[in-house]
Amino acid sequence: TALPERRRPGGGRPRYEVVRELGAEEVRWFYREDRKTWKPFIGYDSLRIELAFRALGSGGAGEPAAVEPVCVRSGLYEVDVASAESYPVYWNQTEKIPVMRGQWFIDGTWQPLEEEESNLIEQEHLNRFKGQQLQESFDMEISKPVDGKEAIHSLKLSRNHVDWHSVDEVYLYSDATTSKIARTVTQKLGFSKASSSGTRLHRGYVEEATLEDKPPQTSHIVFVVHGIGQKMDQGRIIKNTAMMRDTARKVEEKYFSNLATHVEFLPVEWRSKLTLDGDTVDSITPDKVRGLRDMLNSSAMDIMYYTSPLYRDELVKGLQQELNRLYSLFCSRNPEFEEKGGKVSIVSHSLGCVITYDIMTGWNPVRLYEQLLQKEEEELEERWMSYEERRLLEELYLTKQRLREIEERLHELKASTISKPPVLKFKVENFFCMGSPLAVFLALRGIRPGTSGSQDHILPRTICNRLLNIFHPTDPVAYRLEPLILKHYSNISPVQIHWYNTANPLPYEHMKPSFLNPSKEPTSAPDPESASAAPSPTTSPVMVRRHYGESITNIGKASILGAASIGKGLGGMLFSRFGRSSATPQTMETGKEGPEGDEKKATTVGTPPLPHSSSGFLEPTVELEHRIDFELREGLVESRYWSAVTSHTAYWSSLDIALFLLTFMYKQDQEETDKSNLDTI
Numbered sequence: 001t002a003l004p005e006r007r008r009p010g011g012g013r014p015r016y017e018v019v020r021e022l023g024a025e026e027v028r029w030f031y032r033e034d035r036k037t038w039k040p041f042i043g044y045d046s047l048r049i050e051l052a053f054r055a056l057g058s059g060g061a062g063e064p065a066a067v068e069p070v071c072v073r074s075g076l077y078e079v080d081v082a083s084a085e086s087y088p089v090y091w092n093q094t095e096k097i098p099v100m101r102g103q104w105f106i107d108g109t110w111q112p113l114e115e116e117e118s119n120l121i122e123q124e125h126l127n128r129f130k131g132q133q134l135q136e137s138f139d140m141e142i143s144k145p146v147d148g149k150e151a152i153h154s155l156k157l158s159r160n161h162v163d164w165h166s167v168d169e170v171y172l173y174s175d176a177t178t179s180k181i182a183r184t185v186t187q188k189l190g191f192s193k194a195s196s197s198g199t200r201l202h203r204g205y206v207e208e209a210t211l212e213d214k215p216p217q218t219s220h221i222v223f224v225v226h227g228i229g230q231k232m233d234q235g236r237i238i239k240n241t242a243m244m245r246d247t248a249r250k251v252e253e254k255y256f257s258n259l260a261t262h263v264e265f266l267p268v269e270w271r272s273k274l275t276l277d278g279d280t281v282d283s284i285t286p287d288k289v290r291g292l293r294d295m296l297n298s299s300a301m302d303i304m305y306y307t308s309p310l311y312r313d314e315l316v317k318g319l320q321q322e323l324n325r326l327y328s329l330f331c332s333r334n335p336e337f338e339e340k341g342g343k344v345s346i347v348s349h350s351l352g353c354v355i356t357y358d359i360m361t362g363w364n365p366v367r368l369y370e371q372l373l374q375k376e377e378e379e380l381e382e383r384w385m386s387y388e389e390r391r392l393l394e395e396l397y398l399t400k401q402r403l404r405e406i407e408e409r410l411h412e413l414k415a416s417t418i419s420k421p422p423v424l425k426f427k428v429e430n431f432f433c434m435g436s437p438l439a440v441f442l443a444l445r446g447i448r449p450g451t452s453g454s455q456d457h458i459l460p461r462t463i464c465n466r467l468l469n470i471f472h473p474t475d476p477v478a479y480r481l482e483p484l485i486l487k488h489y490s491n492i493s494p495v496q497i498h499w500y501n502t503a504n505p506l507p508y509e510h511m512k513p514s515f516l517n518p519s520k521e522p523t524s525a526p527d528p529e530s531a532s533a534a535p536s537p538t539t540s541p542v543m544v545r546r547h548y549g550e551s552i553t554n555i556g557k558a559s560i561l562g563a564a565s566i567g568k569g570l571g572g573m574l575f576s577r578f579g580r581s582s583a584t585p586q587t588m589e590t591g592k593e594g595p596e597g598d599e600k601k602a603t604t605v606g607t608p609p610l611p612h613s614s615s616g617f618l619e620p621t622v623e624l625e626h627r628i629d630f631e632l633r634e635g636l637v638e639s640r641y642w643s644a645v646t647s648h649t650a651y652w653s654s655l656d657i658a659l660f661l662l663t664f665m666y667k668q669d670q671e672e673t674d675k676s677n678l679d680t681i
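Residues 1 to 681 (UniProt numbering) are what the sequence shown spells out, left to right.
These aren't lab readings, by the way, just hints derived from the structure by calculation.
Remember, it's a predicted structure, so these values are computed and weren't measured experimentally.
A portion of the hints provided could be inaccurate.
If you anchor each label on the Cβ, the simulated ranges turn out as follows [to be verified]:
#1 Gln374 - Ile97: 53 to 59 angstroms
#2 Arg32 - His161: 46 to 52 angstroms
#3 Thr646 - Ala55: 19 to 25 angstroms
#4 Lys250 - Arg461: 29 to 35 angstroms
#5 Arg404 - Arg461: 30 to 36 angstroms
#6 Glu114 - Leu655: 22 to 28 angstroms
#7 Arg333 - Asp313: 42 to 48 angstroms
Heads up, the beta-carbon is just placed ideally off N, CA and C, and yes, glycines get one too.
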């Protein structure tokens, strides 16, 4: 096989070359994660690692020179050249990532030879051929098969030997083809031919490293916040964020490669540093079905902690401090980020959505309690009471007022014992909720639909520019947010997220709201009984399926009930979504499948009809300024029962979601760039 011509940015390589030591640009550094194959660093990273490596050996008196760690992979990792290891900058990782210097490479795969062997071959090559002229591959005598050529030089290695048939024709042969170890070695090296005929080696990487081969500057960072269960698998959010980052890279390459900016994803692991109750809950856990109990203690228990006044603040502070730490660290390593107006978005999952929301808004249960007390006082004033009772109440009121004044003065003198609303060091551009129970938390806090279609009703735009709620239709933990702003949106389907490979998709802002079931709209007002039994906006089904068979609320009766019977405690909390009797008894019993069954079920939801047209789209009425609920499309072959169990964690590797996130982030960046260009003109 002829040596492929190396790609050189400065033009083609000379017709004849002299054998010399490899240049820094010809060496390529590699890293290996999860014990998989070696991956090459991009040219910018490899060249800087090689220069640091060469500086390492330049220390005087035989001592290695101190070399700063090299920042690589878009600034997410550093390489310690002395220990030949790489490690993440923004999160902790127990497994070290080995790095390797590649000089000699396997033909075809361009995988590097192990460093020890590579060094021996390189040393031998320079000893034997340094200064000799190197012919180009097209000038070589390639008509004569290599098997027929005599080796002009050989080198014996531990399990292999290397033959030089010419200066530029070097082959590796295995000396112990029958042994199991040798077979493993040959497979590991990726031999493309039978070991008897040898495998061709190439000196220097196929592509020269250049400083121009570098990633674009980060213009937008996304903090990825986990939900419950992180105690069970502390590294999970790091793996999930890596999946989301890799998926986003693929989408960037396909749809946004023309842009000179870049979105970076950083995991926010807030749970593992918290002590909470120590091991008290573990000590009171019975031994029977211990595995299941431990799983619930490590996952659903986080919900219990968050509803506990004793530990809620600790969870909030844990996430707030980690978000601020990461932002400060990122800005210190990327000083131009803030100067150039870099943006920050947050992607939260599950319970992480609720904690993030509370941090941004400063919501605190103590405030809610004070509001309830105030309401009680107002109600007391309205009812009739005796002179003595009124006198005592006035005295109590004045005493409380005096107590508040003393507390306020005390707070001014020393730090408050009641935690202040947490503050973030950055403005949140977009808040993406995935598989979020936020709506049900807000409903239980007393938030009810209003008359304005503004996001400000639940999250002011001054705090966060855009709120987006993403969910899988069968995710048992996800709830809709739109009906909390305008009640009639419980009858309007969420926006369907485009499939990744959709050709020319309609922009989301141009998609008109449509009924959940346009083919069978209610045409007259329902009777008072059904109207009074109407479900509340957040407890109604996520949506009635239009053409996928049975409705989502039916799933529980068939399969999830068994899981819910774990207990009405923690297990019940996880699966209560399926026990909701928001449909009528007939809906549950008939279990009709197919579109016809769905249409009949849709008419049982007792919500007053809205102005509508025969097309199924809404006539102009009060509408949301921006849509908030976005639903993933169900796969055509996936099992609804199985996806109900898996859907809550299926967001991380979805190409559809990656495209959705980047579409919103890049669209905003593009709009601002266009606006600044117009201002300049």
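Which numbered hints does this structure break? Structure breaks hints 2, 3, 6, 7.
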